[in-house]
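Student: Chains A and B are the protein sequences, given in the same order. Using our numbering, you'd call the opening residue of the first sequence number -13 and step up by one each time. Using our numbering, you'd call the opening residue of the second sequence number -13 and step up by one each time.
If you are wondering where the hints come from, they were derived from the structure by calculation, not from laboratory data. It should be emphasised that the depicted structure is a prediction, and the values quoted were computed from it without experimental measurement. Warning: the hint list may mix true and false statements.
A pair holds if it fits inside one copy or across any two, identical chains being indistinguishable in the list.
Straight-line Cα separation of at most 30 Å, DSBU-like style, residue types lysine-lysine; simulated pairs [claimed, not checked]: (1) K196 with K302; (2) K2 with K329; (3) K230 with K282; (4) K372 with K329; (5) K302 with K386; (6) K70 with K386; (7) K230 with K329; (8) K329 with K386; (9) K386 with K258; (10) K372 with K70; (11) K268 with K258; (12) K386 with K294; (13) K1 with K329.
One-letter residues, chain by chain:
2 protein chains.
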Amino acid sequence: MFDRLEMLRSLSIEKKTRMVLLVMDGLGGLPSAEGITELEAAATPNLDALASLGETGLLEMVDVGITPGSGPGHLALFGYDPRKHFIGRGVLETIGIGAEVLPGEMCARGNFCTWGEGDVILDRRAGRIDTDSSTALTARLGRTIREIDGVSVRFYPGIEHRFAVVLSGEGLNDRVTDADPQSDGSPMSWSRPLEPIGTRTANVINSLIKKVREVLSDEEKANGCLLRGVSGTPDIPLFPDLYKMRSAAVATYPMYRGLARIVGMEVVDAGKTIEDLFQAVKRDWNSFDFFFVHVKYTDSRGEDGDFKAKRDVIEKVDSLVPQILSLDPDVVVVTGDHSTPSKMGSHSWHPSPFLLFSRYVRPDGSESFGERVCARGSLGLMPGHKMMGLMLAHAGRLAKYGA
Amino acid sequence: MFDRLEMLRSLSIEKKTRMVLLVMDGLGGLPSAEGITELEAAATPNLDALASLGETGLLEMVDVGITPGSGPGHLALFGYDPRKHFIGRGVLETIGIGAEVLPGEMCARGNFCTWGEGDVILDRRAGRIDTDSSTALTARLGRTIREIDGVSVRFYPGIEHRFAVVLSGEGLNDRVTDADPQSDGSPMSWSRPLEPIGTRTANVINSLIKKVREVLSDEEKANGCLLRGVSGTPDIPLFPDLYKMRSAAVATYPMYRGLARIVGMEVVDAGKTIEDLFQAVKRDWNSFDFFFVHVKYTDSRGEDGDFKAKRDVIEKVDSLVPQILSLDPDVVVVTGDHSTPSKMGSHSWHPSPFLLFSRYVRPDGSESFGERVCARGSLGLMPGHKMMGLMLAHAGRLAKYGA
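Given these sequences and hints, build the entire structure.
Tutor: Shown next as structure tokens:
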């Protein structure tokens, strides 16, 4: 059966060309009462000029009507069909709190909990202990528990009662149930294998929980833990092998840095502000062929339901776009990983507006960058995971298919 | 799994209707400094009129961003998904130099080479001997070597040191490596099976090379040969069976004649000039239901990087289009097999502009025939291999699916 990734891998070639993929998280929106969207309302002279010199379209990240999470949205942008390649919640949250996860390692989301007599879980969140306390507890676990049954263990602190665990060793997989009773006052429910090959992982998870019980036995509230969402990085070919390019992730939020690392990009210092992102691209321009630049705040303000604030973030990004153009990139793509209409205050299924600029475009008459203009663009409604190959083509990095 | 070809085969019916598929090779282009493409710049009153009476769109022959070779591009136009049906380099080059190849036969590209002591290949191209010499050598091989191990052998001369071989017999396949050391001064590398079923073919290839060595032992430079790219015709259902129509290929270049023959079309005398192509259609109008008319020079001038010359070829073709219309065809499609922008001087991934005319269209307001008009056409961005079924539908040659 046809495998687009395999085709890209077999056709990709090295070339001295540079690409920028600028992702405004949750870029797409919906019209307000005034009848225009956040992006349409924003004054974006630089993006409008790029759109008029380039080609536009809409990206469908997963499938018609399907609202993408951040994981699937980014996997699609990176060229992986998110209907075939799933990224588990455990690994996504683990990288989201800043952990580094390598292929083959297994992650689990942890809760500190209050453990009672007879293995009854009295409070699954240990009274929602504060972040400082749980960070101290996580550090204590990290100092005392380094290995379980030949598997090395790393702990990462999270918010309030949350933390994450990464297990590294042979023979681990995600074919296990959660070690979590799901409700307060219920007897502990231990991890079980979903298939025989999950037996070792379930045993490690359960042994780890027992060890945590020993270490925390003197704690009043947080005297135990639960572990769930065991998952590893997706089994996918990685960027250097697939696309034969040096790729930099310029992102400030841990989850997006983690997602980029999982597909084989190099994560560079991106500072803290939107301005910093663009400075980082400039600083590293000669060290990489491909730059994934991630702006989080479009999504954050959309989730807040704040139309004007989302619009303002878009305007801010627009004002910085000339800094990228001054580097003379061969290909620029601007898009989102999903839509986050402020009207909904959440991710949505609406496809993402998208523009592509290179010297090999057929400009399609788009006079500005917006959802409705893109809907009439010459690139049409494109599966999101096909965009990456199109960037490579415009960068001269794909050989001809067949003689 | 859904198989479109199977569906077309099961629904296709005979009917007294006639279709013309006019392919201008490498038709699609890119804007020059003036902002318009070769096709947009060409004065094409006849094609413009057809577009305004018909429907337009863009054809994506392989997949987004993928640059089609001539083989995949034409397979798509003929209704075969080139992501599933590949045509090997050996067979394509063999038909390209005018050989006829039947299903089950295996082709290989040959080089005359200079063979030294201890089976070292001194010069893989035998000093790039001239075409006359190699043609004489090929004829000599053809007279003396007719069979190897029960497999019949045919030789075809090529340019300079090149020739082609067609092997015909039971149990042959393409699961073998090249018999070629890849570099001058290296010891001969013999063909090996990639799987056990390739053993017989590898043995035949190696025996043939040894036999050629004997025959050419008195030659100074070209005293041996190398064989590579072993491949046969793709395993696909053929036109007469699939579409139940009498199909004529009107093409002057051997490769396109060969491609048409491989899918089961009848190759007719097409003369030498563009005018001859149209005369041939007229001559054979009553003998066939479907005419594949192939104009090579749009691609050639695009490869030359000559914008104006490519534009002129398009204008020439346009001036001849009325000759086809005067025959009152039921369906006319005009398109390319891939794009060849003169700006790039090579094949490219940009989709091919395409117009369809029949009495059953919904004219979509296209006022001319060009890339950007087609990008807004009602047929949208269509996978190239779906076009053939659309032609059949417009010709009344597909029965209803289901009751």
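Student: Decide, hint by hint, whether the structure agrees.
Tutor: Evaluation of the provided hints:
Within a single copy, K196 and K302 get their C-alpha atoms no closer than 51 Å, and across copies no closer than 72 Å, so neither meets the 30 Å cut-off. In this homomeric assembly, K2 and K329 come within 30 Å of each other (Cα to Cα) only across copies, at 19 Å, whereas the closest approach inside a single copy is 43 Å. For a Cα distance limit of 30 Å, the shortest separation of K230 from K282 inside one copy, 27 Å, qualifies, whereas the shortest one across copies, 34 Å, does not. In this assembly of identical chains, the alpha carbons of K372 and K329 lie at most 30 Å apart whether taken from the same copy (29 Å) or from different copies (24 Å).
In this assembly of identical chains, the alpha carbons of K302 and K386 lie at most 30 Å apart only when taken from different copies (29 Å versus 39 Å within one copy). Taking the shortest alpha-carbon separations for K70 and K386, both the intra-copy value of 26 Å and the inter-copy value of 16 Å come in at or below 30 Å. Taking identical chains as interchangeable, the C-alpha atoms of K230 and K329 lie at most 30 Å apart only when they sit on different chains, with a minimum of 26 Å there against 41 Å within one chain. For the identical chains of this complex, K329 and K386 are inter-copy neighbours only, at 17 Å across copies versus 45 Å inside a copy, given an alpha-carbon limit of 30 Å.
Taking the shortest Cα distances, K386 and K258 sit within 30 Å of each other only across copies (29 Å), while inside one copy they are farther apart (41 Å). When the C-alpha separation of K372 and K70 is checked against a cutoff of 30 Å, the pair qualifies both within a copy, at 14 Å, and between copies, at 18 Å. For the identical chains of this complex, K268 and K258 are intra-copy neighbours only, at 15 Å inside a copy versus 56 Å across copies, given an alpha-carbon limit of 30 Å. For the homomeric pair K386 and K294, the shortest alpha-carbon distance between copies (25 Å) is at most 30 Å, but the shortest distance inside one copy (46 Å) is not.
With identical chains, the CA atoms of K1 and K329 are at most 30 Å apart between copies only, with a shortest distance of 19 Å across copies and 43 Å within one.
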